[in-house]
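Q: Chains as they are written, first to last, in the working numbering: chain A, 7 to 228; chain B, 3 to 484.
Calculated from the structure, these hints are not laboratory results.
Hints should not be assumed to be uniformly reliable.
Unchecked claim - Label pairs and their computed distance ranges (CB to CB):
#1 B:378 x A:174: 17 to 23 Å
#2 A:120 x B:318: 36 to 42 Å
#3 A:56 x B:34: 48 to 54 Å
#4 A:39 x B:435: 40 to 46 Å
#5 A:102 x B:378: 54 to 60 Å
#6 B:428 x A:52: 42 to 48 Å
#7 B:467 x A:128: 54 to 60 Å
#8 B:59 x A:43: 42 to 48 Å
#9 A:174 x B:178: 48 to 54 Å
#10 B:317 x A:174: 46 to 52 Å
#11 A:22 x B:212: 39 to 45 Å
#12 B:182 x A:51: 27 to 33 Å
#13 B:378 x A:43: 45 to 51 Å
#14 B:318 x A:51: 33 to 39 Å
As the list claims (entries may be wrong) - Sample of chain A residues facing chain B (criterion: CB under 10 Å; computed from the structure):
#15 22
#16 27
#17 89
#18 90
#19 91
#20 92
#21 94
#22 97
#23 139
#24 159
#25 162
#26 183
#27 202
#28 205
#29 216
Claimed, not checked - So, partial list: chain A residues that the calculated Cβ filter (under 10 Å) puts toward chain B:
#30 47
#31 51
#32 60
#33 182
#34 193
These numbers come from a predicted model, not from an experiment.
Even glycine gets a Cβ: it sits at the ideal position worked out from N, Cα and C.
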Amino acid sequence: MSRDGSAGGTGRDADAARAEVLRRVRLAVGTQPPGVGVSRDYRGVGARPADDPVGLFVERLTDYRASAYRCGADEVGETIAGILGEHGRTRICVPHGLPARWTAPGWQVVGGDAPPDPVALDAFDGVVSGCALAIALTGTIVLDSGPGQGWRAVTLVPDYHLVVVRADQIVPAVPDAIARLDATRPMTWISGPSATSDIEFDRVEGVHGPRTLDVLVVAEGR
Amino acid sequence: MTVFLGLPTASPGVGNLHAATPFPTAAAEALRDDQLRRNLSHATRTIRGRRLQTVAELDDWEQLRAAGAAIKDDVLDHLDRYLLQLEQAVTARGGTVHWARDAAEANAIVVDLVRQAGATEVVKVKSMVTAEIGLNEALARGGIGAVETDLAELIVQLGRDHPSHILVPAIHRNRREIRDIFRREMVGVDPALGDEPAELVEAARAHLRQRFLTARVAVSGANFAIAETGTLAVVESEGNGRMCLTLPRTLITVMGIEKVLPSWRDLEVFLQLLPRSSTAERMNPYTSMWTGAVEGQEFHLVLLDNGRTATLADPAGRAALRCIRCSACLNVCPVYERTGGHAYGSVYPGPIGAVLTPQLTGVADHPHLPFASTLCGACFDACPVAIDIPRMLVHLRAQAVAAGARQRRLPTSEAAAMSVLGWLMSSPGRWSAALRALWLGRVLGRRTGWIRRLPPPMSAWTRSRDAPRPPRRPFRARGRRR
């Protein structure tokens, strides 16, 4: 099917290519007046409040076959230990900056200043992290490599991921999340565990990345 | 050969856009494949239903759609400005930007970068654009192995096959065929591997795991690139994308120049439109975003033209460049559902392929594709960025007829048929006479009720379609009798 595709090889000139593509673009678009502006009459920031954002978030999460747990602010450490025990996950790593009261002795902190070695990460059977925020309507968790979230590899390679979400980190919808996030940080948006529908359009959970996603929602008032 | 470009400003695209077999012939072959039709019918019907449900959850869907279309039109109107802004932002954050006029140039850039990184193998995130430019073949010629890591792309690669759908490239294969491919092609696979999807997925995971952990170079496409900030985004489900984008120390992203978005805020529109249109989910499982060189990686961005500026030069056709590759139009198309993706002869199948491919290559290279449609309008209704595909098909049909006429100095069969039809329909008397004459057509197709072949010039129609036998009495004649 390929008509060509052989490497251009000799005489390729990076500046010439750039100039030529830009010349073609300018000829094609002509002289356009400044943009007329985009009508943003869809539901934007604050326009989709939820009565019970935590409840909605948990409902949407479980729809994706992630498991949700809830606890009060002073019970996080013991709840995490309980969930991990339930799953029989013992070799746990945590990203740099995770609150010490959430962790247990024997867990290893990984990924401070240097990139973590993927093969070494593969030896852990679970990771516990925080998050930057979460989106109720879509059941999405956003990690932005901030404290307690670590390098992207840390929450990627181990087969099990437990995320702690504070209730005040849950925003109603996608526009609210975009408004709060810093675009220039490395980000991972997670909505349920890994999944594929590539075989006869049957959904199968767990391909690459953590095959099990558990979420602990921490409510202040409980 | 005459290439119709609208304006003589840009070169047509090359690579895996060109059909070895014209659509009518390929479609006629595909129509004889019952298995293919069953697979497609199941998949497209399933996703059509789910998509309607998830879209209905958003009461501002039409507003989002209009905003999506307007943002993309703004991008196309000021593409030079946004590309320069993107280049500046990516460079400022430690990335390197490369420009490629066509597939060959983009491939050469990537091959050079992989060699510089000292690698002989790359892991790949599923990407339409690298399929378009035939990157895997170019890497192979350069002595570099490319490992597709998306499950469907892996099935296609191991089966030495071509993708047939934008979202689910191996949709033409069923589980038994996939098991057979895995048993035959995967080194060290369990010879007793079964055909349950979960088992097959597990085999793919085991097959790719070590490669992810040790790969030095990854190649991806991009769903979005933000001019304002230099942020790149890749949207996926399996986690293979996260693996490729995160673990290797060198990341090379190839992106069509139309993929840029002006501002970070624009993602609030597209991250609502894309997952619901594509996989019918509220959000896809994983989205990765990065700006420049992050977390110790070296980052290269290759900006590709390959026929896009030629498409941009046609005001009636350029809206095809709004496409965000969601594949919603494929899943609602009665023609795609019956012929499958291979018949389109390009990496871009279905309704969007029927408008995008002939524009990227020049209509003369694909004169049949604009006719691969019923003009029913379902694709337009489903499109999250409101591309009026039917209108564009009609526009391209006119171009194809004109290009054909110029090339042969004779009217094409389509043009001849249409002008005869026009002449007949312009007079009630002539039209009635023609309908009466059609009765004669009843001698054709007496056995099956379907006419397999009509005489020229209508033979162009029946070459790839069967025509119903004309009615015993024309409708108009029935009216007269009453």
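Q: Check each numbered hint against the structure and report the violated ones by number, ascending.
A: 1, 2, 4, 6, 8, 12, 13, 17, 18, 19, 20, 21, 22, 23, 32
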